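Chains as they are written, first to last, in the numbering used here: chain S, 23 to 307; chain V, 23 to 307.
What the hints contain is simulated information worked out from the structure, not anything from laboratory work. One or more of the hints may lead you astray.
Unchecked claim - Which residues of chain V face chain S? A few of them, derived with a C-beta cut under 10 Å, are:
id : residue
1  : Arg-34
2  : Asp-43
3  : Tyr-110
Stated by the list, open to error - What follows is a list of derived Cβ distance ranges for each label pair:
id : chain 1 : residue 1 : chain 2 : residue 2 : range
4  : S       : Glu-249   : V       : Gln-90    : 45 to 53 Å
5  : S       : Tyr-241   : V       : Ile-211   : 50 to 58 Å
6  : V       : Asn-78    : S       : Gln-240   : 44 to 52 Å
7  : V       : Lys-281   : S       : Gly-81    : 27 to 35 Å
These numbers were taken from a predicted model, which means no experiment stands behind them. Backbone N, C-alpha and C define an ideal beta-carbon position, used for all residues, glycine too.
There are 2 protein chains.
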Amino acid sequence: MKVLVNDEILDRNQAKVDIEDRGYQFGDGVYEVINLYNGVPFTLKEHISRLYRSANEIGMKIYVEPEQLCKRLLDLINVNNMKDGGLYLQITRGVSHRAHQYEDSIKPRLVAYPLPYKSVQTAQSAGVEAITADDLRWLRCDIKSLNLLYNIMVKQKAHEAGAFEAILIRDGVVTEGSSSNIFIVKGGILFTHPATNKILNGITRTKLLEILDKHGWQYKTEPFTKEALMEADEVFLTSTTSEVMPITNIDGVTFSHGKPGPYTQKFQDAFRNVVNSEVGSAKKA
Amino acid sequence: MKVLVNDEILDRNQAKVDIEDRGYQFGDGVYEVINLYNGVPFTLKEHISRLYRSANEIGMKIYVEPEQLCKRLLDLINVNNMKDGGLYLQITRGVSHRAHQYEDSIKPRLVAYPLPYKSVQTAQSAGVEAITADDLRWLRCDIKSLNLLYNIMVKQKAHEAGAFEAILIRDGVVTEGSSSNIFIVKGGILFTHPATNKILNGITRTKLLEILDKHGWQYKTEPFTKEALMEADEVFLTSTTSEVMPITNIDGVTFSHGKPGPYTQKFQDAFRNVVNSEVGSAKKA
Numbered sequence: 023m024k025v026l027v028n029d030e031i032l033d034r035n036q037a038k039v040d041i042e043d044r045g046y047q048f049g050d051g052v053y054e055v056i057n058l059y060n061g062v063p064f065t066l067k068e069h070i071s072r073l074y075r076s077a078n079e080i081g082m083k084i085y086v087e088p089e090q091l092c093k094r095l096l097d098l099i100n101v102n103n104m105k106d107g108g109l110y111l112q113i114t115r116g117v118s119h120r121a122h123q124y125e126d127s128i129k130p131r132l133v134a135y136p137l138p139y140k141s142v143q144t145a146q147s148a149g150v151e152a153i154t155a156d157d158l159r160w161l162r163c164d165i166k167s168l169n170l171l172y173n174i175m176v177k178q179k180a181h182e183a184g185a186f187e188a189i190l191i192r193d194g195v196v197t198e199g200s201s202s203n204i205f206i207v208k209g210g211i212l213f214t215h216p217a218t219n220k221i222l223n224g225i226t227r228t229k230l231l232e233i234l235d236k237h238g239w240q241y242k243t244e245p246f247t248k249e250a251l252m253e254a255d256e257v258f259l260t261s262t263t264s265e266v267m268p269i270t271n272i273d274g275v276t277f278s279h280g281k282p283g284p285y286t287q288k289f290q291d292a293f294r295n296v297v298n299s300e301v302g303s304a305k306k307a
Numbered sequence: 023m024k025v026l027v028n029d030e031i032l033d034r035n036q037a038k039v040d041i042e043d044r045g046y047q048f049g050d051g052v053y054e055v056i057n058l059y060n061g062v063p064f065t066l067k068e069h070i071s072r073l074y075r076s077a078n079e080i081g082m083k084i085y086v087e088p089e090q091l092c093k094r095l096l097d098l099i100n101v102n103n104m105k106d107g108g109l110y111l112q113i114t115r116g117v118s119h120r121a122h123q124y125e126d127s128i129k130p131r132l133v134a135y136p137l138p139y140k141s142v143q144t145a146q147s148a149g150v151e152a153i154t155a156d157d158l159r160w161l162r163c164d165i166k167s168l169n170l171l172y173n174i175m176v177k178q179k180a181h182e183a184g185a186f187e188a189i190l191i192r193d194g195v196v197t198e199g200s201s202s203n204i205f206i207v208k209g210g211i212l213f214t215h216p217a218t219n220k221i222l223n224g225i226t227r228t229k230l231l232e233i234l235d236k237h238g239w240q241y242k243t244e245p246f247t248k249e250a251l252m253e254a255d256e257v258f259l260t261s262t263t264s265e266v267m268p269i270t271n272i273d274g275v276t277f278s279h280g281k282p283g284p285y286t287q288k289f290q291d292a293f294r295n296v297v298n299s300e301v302g303s304a305k306k307a
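Please work from the sequences and hints to get the whole structure.
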């Protein structure tokens, strides 16, 4: 495997991090995971745009233009001969002697490499289980940062309970999953938390809402309560790697008769059509 | 400089981190900074005890006994011939293919090395400036984790304003500083936030309160508001490296006539006496 480190492509075993990298000592950095379909990175521009936004929000300047970064990532995909799977990239503020404050002269450090393909087809057809957990995260969840400790803790809790995801509840309201956005369908209308500081505005979430707009399907980006979640007709999550993933059981309670509901299936199909359409056209470009 | 990596002492340039270290990708780890006085680590046991507590709270098992870890740290101090300065140590959950959930089989990874001595004497005599900022951190601030992004952001804000520290306010209440605990004196009584999930229970904080207990000096571990802060007779912070540090200006408002107040000076002296006493006896042991 080859790894992109700043502007160099290195062998996996050459790609090392300094002990004083601020990513290692403070989680001082931002990241993205981009899904590949037959060698084509889906919504690459959207992910890169969000990466720059996240960096900007933490006062970190990325000293390469987005177009140049995209080019390097495409080189990485080529050199690894990647077909399916994910592209992981993170940018940390760089290496400096340990101090909370930083100098502008520190050079940010990019690391990007391929993640293995994991099929989600079976799970998408059958649905997955989830648990609920308190949302104790910071109040800048809109930044896709490397400070993921609480996300880990609740994902692990879900994992140990045999579940796929932890649905987070803050002040009685469903915010999002530990690594996904959460949607419910009630009376034919889709609900999801608005894109505020309390959630990470998922690229798949945005894409799905665009699809709904296009079809004229009803949705509301409104906060909804845990009670509304538990009384929903259908529940699903979205994420880059899971796409549209039905949730058929929460905290032991079965939803939509234990299988993906009709709205969820409709959204899955519509999303997959867009992927096929965009990846197809991207390949020709 | 020599660095301790697990049970090995390596040259600084040999101490590298893997790109899939969970510390680097998730901030999945805990840390401590221990102050040395003339080669003796102050409150070493207390710091190590807190390190194990933090690890336990994030479900991470440290596969070495505290006594053994202390011994390795003392070896590191010796091999570096450290006199004054800090000892930094962090333990991450280890290296694994990127996924939020983790297997118990991952081996945690320790890195420890000396931090340079920075004199705080001038600042302790003159007092420092602070700003206030919203406390947007997660609700497990009692864990000394590597998820320090918000702490960085507000410390940087303070730094850019020419101030030493950012005092954090959550729901109108003063919690703590970005890397310190905050105390006020009002009418001869000391106040500081109780050791809940909203603050990191500082070793210096605990030590100071023990000193107050011993002397029979009055204090209350009670939440106090930003208004109470701004109306305080004296304000100071405590931290491992700053010890008892007077704050003489907050958001441009001068406190205790712009110099350390009498209570603050009394606490500084009492703390320094305990350091001298414990470090002296530790050296003889």
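Here is how each hint holds up against the structure:
Of the supplied interface hints, the one on Arg-34(V) holds, with its beta-carbon coming within about 8 Å of a beta-carbon of chain S, less than 10 Å. Contact between Asp-43(V) and chain S, as hinted, is supported at the beta carbon level, the nearest pair being about 7 Å apart and thus within 10 Å. With a least beta-carbon distance of about 6 Å to chain S, the hint placing Tyr-110(V) at the interface is held under the 10 Å criterion. Restraint check, Glu-249(S) to Gln-90(V): a C-beta distance of roughly 51 Å satisfies the suggested window 45 to 53 Å.
As the Cβ distance of Tyr-241(S) to Ile-211(V) is approximately 55 Å, the hint placing it in 50 to 58 Å holds. Separated by about 47 Å at the C-beta atoms, Asn-78(V) and Gln-240(S) satisfy the suggested range of 44 to 52 Å. Separation of Lys-281(V) from Gly-81(S) is about 33 Å and conforms to the stated range, judged on CB atoms against 27 to 35 Å.
When the structure is compared with the earlier hints, no violation turns up for any of them.
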